[in-house]
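Which chain is which? The protein sequence lines are A and B, in order.
Per full-length UniProt numbering, the very first residue in the first sequence carries number 1; after that it's consecutive.
Per full-length UniProt numbering, the very first residue in the second sequence carries number 1; after that it's consecutive.
Treat the hints with care, since some could be wrong.
[To be verified] In the BS3-like style, the derived pairs of lysine-lysine whose C-alpha atoms are separated by at most 30 angstroms in a straight line are: (1) A:90 with A:46; (2) A:90 with B:120; (3) B:120 with A:10; (4) A:90 with B:116; (5) A:94 with B:116; (6) A:90 with A:256; (7) A:94 with B:120.
Quick caveat, the hints were computed from the structure, so don't treat them as lab data.
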Amino acid sequence: MYAFEIERPKSVDEALAALGAEEAQPISGGQTLIPTLKQRLAMPSKLVSLSGIDELRYLRREGDALMIGGGATHGMVAREAATDFPGLAKLAGKIGDPAVRNRGTIGGSIANNDPSACYPSAAMACGATIVTNSREIAADEYFQGMFMTALEEGEIVTGVRFPIPQASAYMKFEQIASRFPLVGVFVARFADRVGVGVTGASNNGVLRWREAEEALAANFSPDALADVTAPRASDMIADLHGTAEYRAHLIPVMTKRAVAAAE
Amino acid sequence: MSDVTMTVNGKTVSRAVRGNELLVEFLREQLRLTGTHVGCDTSQCGACCVHVNGELVKACTIFAAEADGAEVSTIEGQANPDGSLNVIQQAFQDHHGLQCGFCTPGMVMAAASLLKENPKPSEQEIRHYLQGNICRCTGYHNIVRAIMAASGQEVEGGAIAAE
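Please work from the sequences and hints to get the whole structure.
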C-alpha cells in the first residue's frame with residue numbers, strides 16, 4: 001500500500017469536514033477498498049474511516065419501509081431485517097463469509113456499485129431510495145453503470161430506504177472462486193407492481209428486467225416468464241467464468257427460482 | 001503515525017501506528033503475537049481471523065487505527081486461565097483437526113464465533129460458516145468433526161486416525 005493518513009471521525013459532520021481535504025477518500029467496511037489499496041490501485045492521501053460513526057449503524061422501520069443506515073454491516077442486516085424483510089436479510093446473509101459480513105456495510109457496497117454486488121439488485125427491484133448527507137436519490141437514477149453512481153465528490157451514503165415488498169427473494173448463481181454472483185436476481189412483489197433487479201450480468205451494471213416485471217405483475221408465477229423477451233446477450237459480461245450467452249441464459253433461470261422462492 | 005489504544009487478550013496496549021498499518025501487522029510485528037497468521041493477505045483464506053469487539057474479523061482487512069478502543073482477542077488468548085487447551089482447541093487435537101497447523105488459529109477463532117451464535121450447529125451449518133477459512137491440507141472433515149465435538153454433539157464415525 002502507498003502511505004496515507006487515516007482519520008476516524010465520530011459523526012457524519014466530522015467525516016464531511018475531513019473529506020474536504022485534498023485526495024481524501026471515505027472507507028466504510030473496507031472489504032473491497034483495502035484489497036484495492038494493497039494492489040496499489042488507489043492512492044489516497046487520507047482515508048476517512050466511517051466505521052466509528054455510530055449514527056450510521058442502525059436499521060429501523062419507517063411505516064411501509066425499512067430504513068438502513070449506511071454503516072449497517074451485512075451481518076446486522078442479516079440478523080435485524082429477518083422479520084420485517086426476510087428477502088433482504090437472506091441476501092445479506094449470503095454476501096462473502098461471516099468475517100466479511102461483520103465488516104462490510106450496505107453504504108460501502110452501494111457507493112462502490114460493483115457490477116457483481118448483491119445489494120443493488122434489491123435496491124432496483126424495490127425502488128429503494130439512496131439517502132446521502134445532502135439529498136435523496138431514486139435507485140433508477142443512482143446506479144449509472146459499472147462502479148458509476150450519482151454520488152458527487154465528498155458525498156457519502158448515509159442510508160438506504162427500502163419499500164418492503166409483500167414477498168421477495170434473491171437467487172444468485174455463485175462464481176465458485178469468489179462467491180460473487182455470476183448472475184443474481186432479486187424479485188420483489190408489491191400490491192401494485194413487481195420489481196426484478198439483475199446483478200452480475202450486464203456490462204452496464206445492475207439492471208431492471210422490465211418485460212419480466214410486467215409479466216409477473218399480471219401473473220406472479222415462474223410460468224409467466226415462458227415467452228418473455230430476455231435481456232440481450234450482446235450487453236452481457238463475458239469472462240473466463242462464463243460467456244455472455246451463459247449469463248443471459250441464467251437471468252430467466254434465476255428469476256424463475258426467485259419467483260418460486262418468494263416469501 | 002497516530003496513537004491507538006486497545007485491549008488485546010485482556011491487556012491494554014498503546015502504540016503508535018502508521019495509517020496503512022493493518023491490524024494483523026500490528027498484532028504480529030508490534031505485539032509479537034505471531035499466532036495470527038497471514039496466508040493470502042487478500043481476505044480469502046481466513047488464517048488471520050481474530051475477534052474485534054466479539055465479532056469475527058479478518059485482521060488483514062482492517063486497519064489497526066480502526067481497532068482503536070476495541071477489544072481484540074487472538075488465538076493466544078484462547079487457552080483456559082491455567083494454560084490448558086480450551087474446549088475447541090482440545091477437540092481439534094482429539095479429532096485431528098489440524099495437519100500442518102497453518103490455518104488452525106483462524107479455524108479456532110471462526111469456530112468460537114460460530115458456537116457463540118449457534119451452540120449446536122449441524123454439519124451443514126459448520127461447513128457453511130467456514131466458507132471464509134481455507135485449509136490447504138484439505139483437512140476439512142476432521143475440522144468439522146472437531147467443531148461438532150466441541151459443541152458437545154456426537155461425532156459420526158469418530159476421528160480419522162493420523163496413522
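Here is what the structure says about each hint:
1. A:90 with A:46: violated, 35 angstroms
2. A:90 with B:120: holds, 21 angstroms
3. B:120 with A:10: violated, 38 angstroms
4. A:90 with B:116: Roughly 20 angstroms between the alpha carbons, so the hint for residue 90 of chain A and residue 116 of chain B holds.
5. A:94 with B:116: Since the Cα atoms of residue 94 of chain A and residue 116 of chain B sit roughly 19 angstroms apart, the hinted pair holds (cutoff 30 angstroms).
6. A:90 with A:256: Holds. Residue 90 of chain A to residue 256 of chain A sits at ~17 angstroms (cutoff 30 angstroms).
7. A:94 with B:120: Given that 30 angstroms is the threshold and the Cα spacing comes to 20 angstroms, the pair holds.
Checked against the numbered hints above, the structure breaks hints 1, 3 and satisfies the rest.
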